[in-house]
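2 protein chains.
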Amino acid sequence: MLMSLKEYEASFLEYVNKMLNIEEAIGVLYWDLRTGAPKNSFKQRSNVISQLSADVFKMSISDEMAHYLITMEEAVSAGKCSVEVEKTVNYLRKQYERNTKIPVEEFEAFVKCQAISESVWAEAKEENNFAKFEPYLTEIIGYKRKFVEYLGYTTCKYDTYLDEYEPGMTVQKLDEIFSAVRNKIVPLVKAISTSGKSFEKEEMKSFVSKQKQKEICELFLTTLGYNFDAGRLDPTAHPFATSLNLGDVRVTTKYHENNFEKALFSTIHECGHALYEQNISKDLECLPIAQGASLGIHESQSLLYEKVIGQSYEFWKCNFANLKEQLNGVLDNITLDEFYKVINNSKPSFIRIEADELTYPLHVMIRYEIEKDLLDGKIQVNELPSIWNKKMEEYLGIVPATDREGVLQDVHWSMGHFGYFPTYALGAMYAAQIKATMEKELPNYNELIETNDFQTVLDWLRVNIHQYGATKKPQEILKDVTGEELNVNYYIDYLETKYSSLYELEEVNKSI
Amino acid sequence: MLMSLKEYEASFLEYVNKMLNIEEAIGVLYWDLRTGAPKNSFKQRSNVISQLSADVFKMSISDEMAHYLITMEEAVSAGKCSVEVEKTVNYLRKQYERNTKIPVEEFEAFVKCQAISESVWAEAKEENNFAKFEPYLTEIIGYKRKFVEYLGYTTCKYDTYLDEYEPGMTVQKLDEIFSAVRNKIVPLVKAISTSGKSFEKEEMKSFVSKQKQKEICELFLTTLGYNFDAGRLDPTAHPFATSLNLGDVRVTTKYHENNFEKALFSTIHECGHALYEQNISKDLECLPIAQGASLGIHESQSLLYEKVIGQSYEFWKCNFANLKEQLNGVLDNITLDEFYKVINNSKPSFIRIEADELTYPLHVMIRYEIEKDLLDGKIQVNELPSIWNKKMEEYLGIVPATDREGVLQDVHWSMGHFGYFPTYALGAMYAAQIKATMEKELPNYNELIETNDFQTVLDWLRVNIHQYGATKKPQEILKDVTGEELNVNYYIDYLETKYSSLYELEEVNKSI
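Protein chains in written order, with this note's numbering: chain A, 1 to 512; chain B, 1 to 512.
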């Protein structure tokens, strides 16, 4: 049977499309589980998810896929494919290699271990009992140490895992970047602590009904350009955004009746993720590259909206009066200046996900350093609580009283997600660099923010970043958009300028 | 390779389980589409549903399935299987025969025609243009006439389709039943019309916020025994209940801000469907027979809760004060007696889904008679509007001014769902017969209703009906529960007693 290249490509794309359709179904099932599926549904629903996930996994490493890849790679080399097809082939090749290098039985054993480990972690955290979690984490790390040998590495084992979340990122680069950030931020955090200033306000803990908070969140989503014809907002336990298809990118939030600020900013954060996915080019529809370039670039968009824009003075100049009105009296005794300060209050704290913009990267660095050493076997699992506390003291000047507030707080390690944490910090750095470019290319940038002209901002991000999906690597995007690869000075400048001014820290200011 | 029967059965059940898992995913996708999936998601989501549906269909007619069925049927004949496995084999055999008898290409053409026909129907209804729909309906009926030849029939073609929704039901039985009902109900409806009485009340159209209506619906769901750990309530356009797995049976409703009554009773209706599925025996979990016995038996449960219980005087004796309080003034000028009358107001109307309990079966009969004649070729599609109006005049004494309010009102025919309508009326008849038995077996039945002791009612229904799922045929259930097959006199008595008393119709009363 002779098939033309066009026909062969169509058959390949149909195969890929079938995989994506199953992934879309899985996406809906997960969204549903996290937004109110009744608890008695979980056990059987997880069977459905396992079955569909196994189906997609098998398709990703099938003989059919192997043949498609070889033939399509030839076509790509001969210059016969569009750039979208080329990138799709590359994406699937990388997935194929990753999924075939680890022996199936070992991978299945790992997946089982992951599930148990995660639930033991939840119990151990609840009970503040690190010893309970220790053997499971040891097993997980055993797998990660073994798998990296299958997957291969050049200079540094950790690079292999880093690359899964942030293609092209390396330990060498990260060590340099984090060191620069640490040197500038640790003194800044100390200076703020020493200043004794706190911007906290009782009013921020006033009761606001969930229904009212929902309305406020919807209002801000609309203001920022979120398209409700291609998404929806729902309550959940741990806020997330999820892209099911290009016409269905959902956001979630959690309402705390005595902390409207949390729901508001977590919604704006997820909005940033969602705007990215809603604005990927329709040319990439039904291809696996119709997603963000990396976790780091994704996080740059969420943090750009949440922190850089959403917690800026300019943003609230335009929106504070409206928020006040919505909140119906709650903020009547707070001025715009006070509000700006309170939402940017910085203070060393134990829990990463509750940390402010300035202290946040220090939380990430602690995890990064521990992960590297664990993988290299330089430290062992039983040492983690003491190492954790030592680093907290060193970076943030505080020591958690319990492991629950310390080494047990995050779910990631229980699932073997090593190399994930750095992307949170990279996102903040990318965001600062992208913002600096926006200010140059949109000379009236501040004015746009002050007048809620978010269509212009979104258009710029769409044209420069969003539309490309995962056709470009993270550093490629950064280079194309900002003219240089990651330059951490933008981030350091951003933080120093903002927080020195907020806390009127003249000495630190001078040192910049 | 030798496999023991135990192993073979396990392999068969695993195969069946895989089909059900995919069906569960499809169920979640449909639920999602109908409860707020963003409109831009539809196009691509329908590809996902098509793919998964095709996968299940293929599994139902695969060579593997054919082998499983033959071997398992031998095992069943040899008395080596549990009753659950036996019923599963029977269920899948019936499905296999139905799915293989129609040539695949013709079936696919029909499915395509269905999709177009449904959307043309929606437009035609909107535009009140029967001529637009006529050629599509003609095509659909062409398929149904052809398919029945493939599927086979003994005396009556319509029996074949009836059996798909209500196993064991026949035209012979229905003709008899419907004729008896018609002879009693038509005079009753006329007597009510002649009496000139109307129980309508302006207050029932007062504004009640959707949020408040939701709270009221949740309250009644809980009162009736709906388990929120195994379900949830959401708004939708056309209310339905859906069983995703035995631990996840969801209900939906529609809130009209100036008609709280609609949402309330549609919720109680769906609650009846959901209670059935929530109380199927866990022994049937992961088997295709873990569902209601038939559409008719399902409808008997929804109507039992909505009409027989939910619109009874006893029910509101206990719940009216509470509803009044919830509605915060809206019903202050209405007494319990008035409320009971207003929710049972009976009046001939054009739209089936808005019809009251008494006139409802007449709407079904009109459709039943037309469907039979269409299938037999006794009437043609172009005659439908005039035939429809003639029958409306004859049965209900009114003639719709437009086809939109007449022959175009229902979606069923556009999708080729012939034989479906009768199950709505059968449900009401089963419900009356079941209620009569409950009154005998629970001597304090009225007291239970008057005191909101729904656990006792639900336990009775669970033990007698729910737990069996689809292991029994509809008439088998009825016989086992009530001691006789469908006896329409219970239904006629129920209606005559209730409505004669409501409208104080002495003459009709005497004639009983």
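Derived from the structure by calculation, the hints contain no laboratory data. Please read these numbers as outputs of a predicted model, since none were measured by experiment. Take the hints with a grain of salt, since some may be wrong.
You can't tell identical chains apart in this list, so a pair holds if it fits in one copy or across any two.
Said to hold, decoys possible - Keeping only pairs whose Cα atoms sit at most 25 Å apart, straight-line, the calculated DSS-like set for lysine-lysine is:
| hint | residue 1 | residue 2 |
| --- | --- | --- |
| 1 | Lys440 | Lys390 |
| 2 | Lys347 | Lys205 |
| 3 | Lys214 | Lys254 |
| 4 | Lys201 | Lys472 |
| 5 | Lys43 | Lys282 |
| 6 | Lys317 | Lys212 |
| 7 | Lys18 | Lys39 |
| 8 | Lys58 | Lys18 |
| 9 | Lys254 | Lys210 |
| 10 | Lys479 | Lys6 |
| 11 | Lys197 | Lys479 |
| 12 | Lys39 | Lys214 |
| 13 | Lys210 | Lys390 |
| 14 | Lys214 | Lys132 |
| 15 | Lys254 | Lys212 |
| 16 | Lys282 | Lys39 |
| 17 | Lys205 | Lys101 |
| 18 | Lys205 | Lys254 |
| 19 | Lys498 | Lys197 |
| 20 | Lys101 | Lys146 |
Violating hint indices (sorted, rising): 1, 4, 10, 11, 13, 14 and 17
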